[in-house]
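Engineer: Heads up, the sequence shown is in this note's numbering, so the first residue is 512 and it goes up one at a time.
Derived from the structure by calculation, the hints contain no laboratory data. No experiment lies behind these values; they were computed from the predicted model shown. Take the hints with a grain of salt, since some may be wrong.
Once the Cα atoms are required to be at most 20 Å apart in a straight line, the calculated EDC-like pairs of lysine to aspartate or glutamate come out as [stated by the list, open to error]:
#, residue 1, residue 2
1, Lys812, Asp789
2, Lys812, Asp690
3, Lys806, Asp757
4, Lys812, Asp578
5, Lys812, Asp757
6, Lys806, Asp587
7, Lys812, Asp689
8, Lys732, Asp706
9, Lys573, Glu527
10, Lys732, Asp754
11, Lys748, Asp689
12, Lys806, Glu781
13, Lys732, Asp701
14, Lys614, Asp585
15, Lys774, Asp754
16, Lys812, Glu781
17, Lys774, Asp755
18, Lys812, Asp754
19, Lys775, Asp789
20, Lys806, Asp789
21, Lys774, Glu747
22, Lys537, Asp660
23, Lys573, Glu553
24, Lys614, Asp577
25, Lys573, Asp597
26, Lys748, Asp815
27, Lys812, Asp755
28, Lys614, Asp587
29, Lys537, Asp663
30, Lys775, Asp754
31, Lys748, Asp789
32, Lys748, Asp690
33, Lys775, Asp755
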Amino acid sequence: MTTRAAVRGVGHYLPERVVPNSEFEKTLDTSDEWIRARSGIERRHFAAEGQTTSDLAIAAAKMALDDAGLQPSDIDAIILATSTADLTFPSAATMVQAGIGMKNGFAYDVQAVCAGFVFAMSNANAMIVSGQANRVLVIGAETFSRILDFTDRATCVLFGDGAGAVILEAHEGSGTSDDTGILSVDLNSDGTYRDLLYVDGGVSTTGTAGVLRMQGPELFKHAVVKLAATARTSLEKAGLVQDDLDWLVPHQANIRIIAGTAKKLGLSMERVIVTLQDQGNTSAASIPLALSTGKAEGRFKPGDIVLLEAIGGGLAWGSVVLRW
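When you get a sec, could you build the whole thing from the sequences and use the hints?
Structural biologist: In structure tokens form, the structure reads like this:
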């Protein structure tokens, strides 16, 4: 028998404040049409004053626990993917641990920007497969509105805030691609491309939080190629081919990147979970938000092959193949 990490429950949370594209027309040389045409985004959510990343994560975690029919004491570990933690330390994950009333286990953050949730899922999978944990709460949560330059129309219109959560649980399988749960993971990074997407502040440099900087056209060139490559690698590791794929749940960065990747994988857009239009780019939160939305809409059936993939600052990119 082989131990797999299977999805037990999902949840998400979006802040109440909805920011339509038209709001940016008041202060920037931009328009709803311009933003939609270049990104596919129509609106996004911004956290309220005083609302933190861990606040969003706690709400998503509680929904995932309810969906799974579990109590906080049933969870062995929390792994939180974020680039916008509440404080330099301690980790936002420990704040979530306290916020949901979890007295046992351990919690820590993972930082791989937009690819963070894929990296966190890989961590959780390794813990479950190795027997270090039986159930892991994996969260992606961001308040990117706190690190945006609202005078830069190329970046500030793209991002939003939110959180998504997935509970992974040990599940016994046969060791084949017919198993339920995570079948393969592929992670990559290349620090020589760090200037394509970064924040111009930090503890050991400016001593400030800084704001997001991005070379959009250059990043776009890398995104489709690297996402398609990691997807094929994950499928191959799982002993599957592109035709086996039922659903693509991509990082929600840009509709052209999503469509381009789907085309390379031979997948119609009807088999792609897209939440970008309503949420913007929520970085590490975008995949679990899309997963939770997809489940709520009844998209996934037991046995479906689902591919998660993302690319973000670092550059860091990767993918996960799982059977629902």
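Engineer: Each hint: holds or not?
Structural biologist: Quick rundown of the hints versus the structure:
A hinted pair counts as satisfied when its Cα atoms are at most 20 Å apart, and Lys812 with Asp789 does not qualify at roughly 24 Å. Proximity of Lys812 to Asp690 is assessed by CA-CA distance (about 14 Å); at most 20 Å being required, the pair is judged to hold. Between Lys806 and Asp757 the alpha-carbon distance is near 14 Å, which keeps this suggested pair within the 20 Å criterion. A threshold of 20 Å between alpha carbons decides the hint, and for Lys812 with Asp578 the separation of about 16 Å falls inside it, so the pair holds.
About 10 Å separates the Cα atoms of Lys812 and Asp757, which keeps this hinted pair within 20 Å; it holds. Taking the CA atoms of Lys806 and Asp587, the gap is near 24 Å; set against the 20 Å cutoff, the hint is violated. Note on Lys812 and Asp689: the hinted pairing holds, with a Cα-Cα distance of about 14 Å set against a maximum of 20 Å. For the hint pairing Lys732 with Asp706, the CA-to-CA distance comes to about 14 Å; that is within 20 Å, so the pair holds.
Proximity of Lys573 to Glu527 is assessed by CA-CA distance (about 17 Å); at most 20 Å being required, the pair is judged to hold. Pair hint Lys732 plus Asp754 does not hold up; C-alpha atoms about 25 Å apart against a cutoff of 20 Å. Taking the CA atoms of Lys748 and Asp689, the gap is near 13 Å; set against the 20 Å cutoff, the hint holds. Proposed proximity of Lys806 and Glu781 is supported: the alpha carbons are some 15 Å apart, at most 20 Å.
Of the pairs offered as hints, the one joining Lys732 and Asp701 holds, with about 15 Å between alpha carbons and a cut-off of 20 Å not exceeded. At roughly 10 Å between alpha-carbon atoms, Lys614 and Asp585 fall within 20 Å of each other, so this suggested pair holds. Distance check on the hinted pair: Lys774 and Asp754 sit about 13 Å apart at the alpha-carbon level, within 20 Å; holds. About 15 Å separates the Cα atoms of Lys812 and Glu781, which keeps this hinted pair within 20 Å; it holds.
Between the alpha carbons of Lys774 and Asp755 the distance comes to roughly 15 Å, so the proposed pair stays at or under 20 Å and holds. Taking the CA atoms of Lys812 and Asp754, the gap is near 17 Å; set against the 20 Å cutoff, the hint holds. Simply put, Lys775 and Asp789 have alpha-carbon atoms about 25 Å apart, too far for the 20 Å limit, and the pair is violated. For the hint linking Lys806 to Asp789, the alpha-carbon distance of about 17 Å falls within 20 Å, and the restraint holds.
Using a Cα cut-off of 20 Å, the hinted pair Lys774 and Glu747 holds, with the two alpha carbons roughly 18 Å apart. Under the criterion of a C-alpha separation no larger than 20 Å, the hint pairing Lys537 with Asp660 is consistent with the structure, at around 15 Å. Our distance criterion of 20 Å between C-alpha atoms is broken by Lys573 and Glu553, whose separation comes to about 28 Å. Simply put, Lys614 and Asp577 have alpha-carbon atoms about 18 Å apart, close enough for the 20 Å limit, and the pair holds.
Taking the CA atoms of Lys573 and Asp597, the gap is about 19 Å. The hint holds against a cut of 20 Å. Distance check on the hinted pair: Lys748 and Asp815 sit about 17 Å apart at the alpha-carbon level, within 20 Å; holds. Distance restraint check for Lys812 and Asp755: the Cα-Cα separation of roughly 14 Å lies within the 20 Å cut-off, and the hinted pair is therefore satisfied. Under the criterion of a C-alpha separation no larger than 20 Å, the hint pairing Lys614 with Asp587 is consistent with the structure, at around 10 Å.
In summary, the hint linking Lys537 to Asp663 is supported, as the alpha carbons are separated by about 14 Å, within the 20 Å threshold. Using a Cα cut-off of 20 Å, the hinted pair Lys775 and Asp754 holds, with the two alpha carbons roughly 12 Å apart. Annotation: proposed proximity of Lys748 to Asp789 is violated, straight-line Cα distance about 33 Å (limit 20 Å). As the CA atoms of Lys748 and Asp690 are separated by approximately 14 Å, the hinted pair is consistent with the 20 Å bound.
A threshold of 20 Å between alpha carbons decides the hint, and for Lys775 with Asp755 the separation of about 14 Å falls inside it, so the pair holds.
Going down the numbered hints, you'll see the structure goes against 1, 6, 10, 19, 23 and 31, while the others check out.
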